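Here the protein sequences come in this chain order: A and B. Okay, so the first sequence: first residue is 1 according to the working numbering, each after it adds one. Okay, so the second sequence: first residue is 1001 according to the working numbering, each after it adds one.
Derived by calculation from the structure, the hints in this document are not laboratory data. These figures come from a predicted structure and were not determined experimentally. Don't be surprised by glycine CBs; every beta carbon is placed ideally from N, CA and C.
Anything over 10 Å on all C-beta distances counts as not near chain A; from chain B, calculated:
id, residue
1, Asp1011
2, Arg1012
3, Ala1014
4, Gly1028
5, Ala1031
6, Trp1032
7, Glu1034
8, Ser1038
9, Ala1063
10, Gly1073
11, Pro1095
Derived list of chain A stretches under chain B, where covered just means 3 residues or more per stretch with a C-beta under 8 Å from a C-beta of chain B:
id, stretch
12, 141-154
13, 204-212
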Amino acid sequence: MRTTAGGADGEAVIAAAYEARYERHPAAGRDTTALLAEAFAGALEEAGLTAADVDGLGVASFSLQPDHAIDLCWRLGITVRWLMEDPHGGASAVNLLQHAVRAVEAGDAETIVLLAGDHLDRAAFARLVRQYNRATAEQLVPLGYPGPNALFAMLTTRYGEAHGLDREDLGCVPVAQRAWAGRNPGAVYRAPLSFEEYLAAPPVATPLTRYDCVPVVAGADAIVVTRRERAAGPTVRVRAIAQLHNDDQQQDDRLRSGFATLAPDLWRTAGVGPEDVDAAYVYDDYPVMAVVQAADLGLVPGGDLRRWLRRTLVEEAWPLNTSGGQLSAGQAGAAAGLHGVVEAVQQLRGRAGERQVPACELAVVTGYGMVLYRHGACHGAAVLERLS
Amino acid sequence: MSTPLRIPICDRCALALWPPRTLCPRCGGGAWREGDGSRGRAEQTTDLTGDGAPRLATVRLDAGPVVIARAPGVAAGDRVTLSLDAGALQADPDPGSHDRG
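Work out the full structure: start from the sequences and follow the hints.
Structure, rendered in structure tokens:
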């Protein structure tokens, strides 16, 4: 194995993606490391590569501690010359992808596996929520703060009032995504969700109800980033990646998010526009955030949110979060960011089974998260393209 | 014991902040004085479910910062007074401000 950078003429591609099955109640032994190992092996098999081909590893996980990326290398038995760990939850996947693509292009590594996964039991999840950062522990927990539902509830009210959206409008996101989940055997909730059921659900943090909040699951995701000549079958190229973090110091109302600021650069670099994408994967930790991101990225024609929600998403089943998203497939902790990338890659590679979007050649995927005090501070987006 | 909210104000550019930061996001200054942060207006509220679960509010302080506070009896739009009660920021409606539920 070479240990110095070189051969900076490589074209980096995503060769394959894999999701280790999401479960609400995993069997004993299916712990965080086991889930990550399952995703690692699955993605390499999809790519037609072996562990011996891997010379780079990146990982995102809240529950891997006290282990780090290097411990994972040891447990997986791999030797690497590129190593990263990203603690930024839902924003980690796009960040890791940006670094991995650059590393392969520069010759710092040839084949990188990016992993994200978590198995958070009830106690671990409660601990994560309470100790998410210092501001949470010092400012929010003393209020009786049960987690970010409360903050996104108030953002939902603010956004709904500003745009004249009622509960049924915002409910279009979980209802439409549940219809996609029905065609994804990997989603934890697959039964159709009616507007009646959605509206009748018990409140969690007004106005949010159960169906506005993601089910916590155990699971893991993986992608393989390698040089184009190493990949077999259809591969996926990253046309553009843009990120923006802490752009408002937690002071803005977030009726427009950091995605509105990064979108012009993203599309200019990609050489395509939002009207060109065949599918979109926005970070749906809450329905309102899916709407904010779609609007800010320019995916909503004319900015007519209500029409886009009711007609485009529900009636026409436009491909947004075709796995069912986190809202129906589940949120596996820090894997939530990579989940969208994996589904985009499966669609672009034509591997999405019953839910395959016909002629899916171009997709946009986002990462979002890391609530500092009032809302997420991290925004990342990538435009992905099928190479044939 | 509850005390009216005092907030850090940048010594150099007078930006008011809550929660406290290390460096001022506007001018980079790192020296702070204290100012009044006890007056504001509730913008949104949310009721959490479960035994003894609180109502929380997003409150825009007259001094500038937008904060999250425990807000029993507060409705959106209310003028409120903010205090720190055993480390918890609490918003109480001003008498006569409460025009809804």
